[in-house]
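Undergrad: Protein chains in written order, with our numbering: chain U, 1 to 332; chain R, 1001 to 1332; chain G, 2001 to 2332; chain X, 3001 to 3332.
It is possible that part of the hints are untrue.
Said to hold, decoys possible - Simulated coverage check for chain R against chain U, where a stretch passes if three residues somewhere in it have a Cβ under 8 Å from a Cβ of chain U:
#1 1040–1051
#2 1114–1120
#3 1130–1138
#4 1262–1269
#5 1309–1317
To be verified - If you want the ones that stay clear, here's a sample from chain U, every Cβ over 12 Å from chain R, calculated:
#6 S46
#7 D56
#8 M57
#9 E73
#10 G75
#11 A88
#12 L99
#13 R127
#14 V217
#15 D257
#16 A261
#17 L293
Think of the hints as simulated: they come from the structure by calculation, not from any bench. We treat Cβ as the ideally placed atom computed from N, Cα and C, and that holds for glycine.
Number of protein chains: 4
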Amino acid sequence: MEIIEFIPEREQYAWTFGGVPPVRTVTPGTLMRLWTEDAFSGRLQSASDRPSEKLDMREVNPQTGPFYVEGAEPGDTLALHIVDLEPARDWAASATIPLFGGLTSTDRTVTLQDALPELTWIYQLDRERQTVRFEALRGELQLDLPVAPMLGTVGVAPGAREVRTSLVPDMFGGNMDTPEMRAGATCYLGVNVEGALFSVGDGHYRQGEGESCGTAVEGAMNVTLIVELIKGHAPVWPRIEQDGHYVVVASSRPLEDAWRASQAGMVAWLGELYGLDRLDAYQLLTQISESPLANVVDANYSAVTKVAKRLLPTGDAYNGMHRHLRGQAATV
Amino acid sequence: MEIIEFIPEREQYAWTFGGVPPVRTVTPGTLMRLWTEDAFSGRLQSASDRPSEKLDMREVNPQTGPFYVEGAEPGDTLALHIVDLEPARDWAASATIPLFGGLTSTDRTVTLQDALPELTWIYQLDRERQTVRFEALRGELQLDLPVAPMLGTVGVAPGAREVRTSLVPDMFGGNMDTPEMRAGATCYLGVNVEGALFSVGDGHYRQGEGESCGTAVEGAMNVTLIVELIKGHAPVWPRIEQDGHYVVVASSRPLEDAWRASQAGMVAWLGELYGLDRLDAYQLLTQISESPLANVVDANYSAVTKVAKRLLPTGDAYNGMHRHLRGQAATV
Amino acid sequence: MEIIEFIPEREQYAWTFGGVPPVRTVTPGTLMRLWTEDAFSGRLQSASDRPSEKLDMREVNPQTGPFYVEGAEPGDTLALHIVDLEPARDWAASATIPLFGGLTSTDRTVTLQDALPELTWIYQLDRERQTVRFEALRGELQLDLPVAPMLGTVGVAPGAREVRTSLVPDMFGGNMDTPEMRAGATCYLGVNVEGALFSVGDGHYRQGEGESCGTAVEGAMNVTLIVELIKGHAPVWPRIEQDGHYVVVASSRPLEDAWRASQAGMVAWLGELYGLDRLDAYQLLTQISESPLANVVDANYSAVTKVAKRLLPTGDAYNGMHRHLRGQAATV
Amino acid sequence: MEIIEFIPEREQYAWTFGGVPPVRTVTPGTLMRLWTEDAFSGRLQSASDRPSEKLDMREVNPQTGPFYVEGAEPGDTLALHIVDLEPARDWAASATIPLFGGLTSTDRTVTLQDALPELTWIYQLDRERQTVRFEALRGELQLDLPVAPMLGTVGVAPGAREVRTSLVPDMFGGNMDTPEMRAGATCYLGVNVEGALFSVGDGHYRQGEGESCGTAVEGAMNVTLIVELIKGHAPVWPRIEQDGHYVVVASSRPLEDAWRASQAGMVAWLGELYGLDRLDAYQLLTQISESPLANVVDANYSAVTKVAKRLLPTGDAYNGMHRHLRGQAATV
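Please put together the full structure from these sequences, using the hints given.
TA: Printed below as a string of structure tokens:
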């Protein structure tokens, strides 16, 4: 297996999907060892750091990439298999950013109220116990929470000639902020431009579903990926395959529209997998869907539709691509 | 323990929360053995039954109750502990009802498009294997899905002098359609009127999160409950306590508003349980929330916020009411 | 013309649509002279009155009625022609109520932010100049604004056995808060229960479109109405006919759903009036619709679709009912 | 006054805001005579043209521009005064495009229903009477509707390094589709990049509020503009000044969020104009706002907040820029 290692210099970060020249060219089948900076560009380092002073909102959610995938053409499907995610620092940060988050008014849901206080929580990582420590700022409570590393942001260059900020997810993927994007998962993304131009970033050492306050346990991450390419078959919305589940992630506003799109995406996938009629798939999905939210904060909200493979006949998504990649990953 | 058994006659069904005289008076501490008709009032019995011909939409989601709880006053908290849910028939039904459901326009999200075809799926229950059989109507696929009984509808009379249909959930509970409402769960509901006037119904042998097509595997149910009363402490939105989780369910439109309310409800509950400051609770919730949707179909959508007790210090919600009720249930 | 005069005693106010016995029976064709209390039940009288101290939120938006209309049956159409609206006091009030309004989080759109300050503005009426005076509380600006009296709340008892608060509009009408409900307008409401059981209230001496802060220039009103009944033809959503416009008002969440319903209601009305095919009506509406918002604050938001008669062939809605009522009104 | 005339060749059309080199450089104070192609790129010419056959959805809403304004820097305010809009053809077109529009499911509000039939209406312009003729496709009705020319799309390059399709409006303006954008109006847009890079397009010979079916009476347009630049003072959302009104247009989803942003934008503008405290401005706006919708179809919906100058003290927005430009226009 070909191997590419890439640790971006600060001036190499991408802040958008699309609009940036590739930092490397990748042949399908390549293993990549990447490093991603945290969503705050590493600028929140202590509980006394105030986001409004430390952050330049034009430079948050830095991306590692984009990478040009040889042979990828519009209409193709990029498969990114996450082999491993490992915290690259011994601490991570979370914060309430003024007028950003799920339980505050925002620049999209405007009110005349004052912003919530801006606070920064620093989480120390215990690498041995695989926990991060929550420490209350206005009380004594301390809790050790299991580490559950995931990538908040995985995406390709968008279609329709667009260039889009790395903060707002859409059909091209991006900042979906779903805990489903973890080691062992294969993400399928429709290719919109030659070379696909994918990038990754925004590692979370842990995140709840919904990402309520807008920021997870944000930390730099060592990312191991395998890149593959499927000719044709581009899904409308990003799909994820895990050993146990098929997953569709859609991002929109209001939240029911994100959910509807993810559900319709799964109706389509069940149709592809089992030849199910659209209404039969709708019925079956009604009884077996899992619908854990991803984020309700990133301007476009991301909803997840998930079905357990154990409830279904054996499928063969993309000709067994996920199984193949799991096999490849096992050899690393 | 006092025991009440009640199987409603057809003319005793309630179709609303509020506005109906109680069928029985219940002393706190009583065990109740109830029977609930399915959401279709038992009228869909074969795959050839068309909802538009068989259903009277004014008589769907029949409720067993209401029950008058002695001593319950506005501001109190009703605790309903679900001891057991057992399918009362060997079959159940699901259907696409014209202009009802999550992936169709509705009378609330109006378009000029034609309705989807109306179809009825009958599920046979295998009581031994504890499965229900999905049979595709337009193909060959058959699947045995594990039974997972739950109550779609649990609620009390609403406040503000209102009487509300049993189809649309709100602060008073009602048709929340969440799989969290299963045996072993204790549901806490704020009391709005003297006697609380609670009722239950809409048993599901199984349901996915979101209840996509609008109807689960709908079946008559034998319901065993214990009723308890907590003076004061009425939560704004329904809460559920399970052995493993604290759960808040909120119902509104658009879906993000249901989610926001359920999240804020959990911020409040974490504050009550652990003395956590509001912003610390917001931060903690961000990292530990589970957010499985309940329904995106019942006009008001229901969102669930759930936290695992294993991640938290030992709590003592409502002075250990759930533990107490689990103990009581074990003696039945 | 038969005439009924009715000024409710305080204990006669209705707080709901449905669930209240009628205060009078009315024969179709009757002229009614009614008095309505303001939405605050008259409790905000000076700029120093704080809503949270003065208001009992269970007793806001008092209704004058309900009235039982002889012969009205479910499926019929009640026509209420507003002959005259005249301020019944020389002052009116508006206020910011904590967590109520369009530019604040609310109990439906929950955030963790503090409520906006609660303030009360008193407007003095200059009956001769027909103006109300806006006086800034935190500055010097004073403005005389033209009086434009309207009724915020007009509705009938809801269907589906429901009883609904007078605060939240829906298919039965209610608190639509649209400036279209002014003297000279005929409101058509579908009848849901025997006798229709309509009521009116919530007079505004003036209101902007959207009712941003949640309360208009709220004042007691002398209301002159003519009541008529059309057998059958119940519209799904309330309709209003003015000399110059056809109007449909729909109320829902999110706001696009209210707008969609009002648009579809107008597509239907254009079809009835001119035999227009649904798609032709959709096209025509696209080019001639006026879409002034009514309120974005009453939990259900109300959207208006309006078309100018001058752009259309002469129509004959409800067999000329509006013209007939205008004639009747002229004789008063 | 300097004058620039520009009629783009087909290969010069821009399909995005941002991401395209300027076609001309413009000095502030310049008069521009431009030609804009219709939203269908001129491809719908007869009632038998089916959008799905004739349209390339990547090439709709062609823009004339972008133009580089000398001296314009991020944070500045671009003022575009529309001197004149004149239909450039004797016909225009409208159509139902599959899964696009307000009363259909879309790629953003997904359902499993079939799309509405796709139909094309051709409107003949009577230049003398200044009308366009609506002809029903499935009936006999014909109506002559007054011409009311407007520009659907006016915008600058977005911030945050983005490039955005000309179909979806946002803070940078773009496809707002509001009838307020007519001759005599001055549009103020915040500058995000050097040179502002504005473009215009999507002329409508007439449009209702909401643009229900998604396409107005779409026609090529001769556009006469004056370009001016104000240093600093960039508004968050596009503003429009007319002789009679101040207008703010905001675009988002759900529709209430667009409305909230436009309202907050007007609260801010009233504060700038009259030194009004935020809460006083909120109160005043509540009583005087006009809220005619712009579009509920362009993926981001556009809401308008409008206040009549006649209700307010004399203001002096941007130091009288609109008055100045009206004066300049009078000399043309």
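Undergrad: Run the structure past the numbered hints and jot down the numbers of the failing ones, going up.
TA: 1, 14, 15, 16, 17
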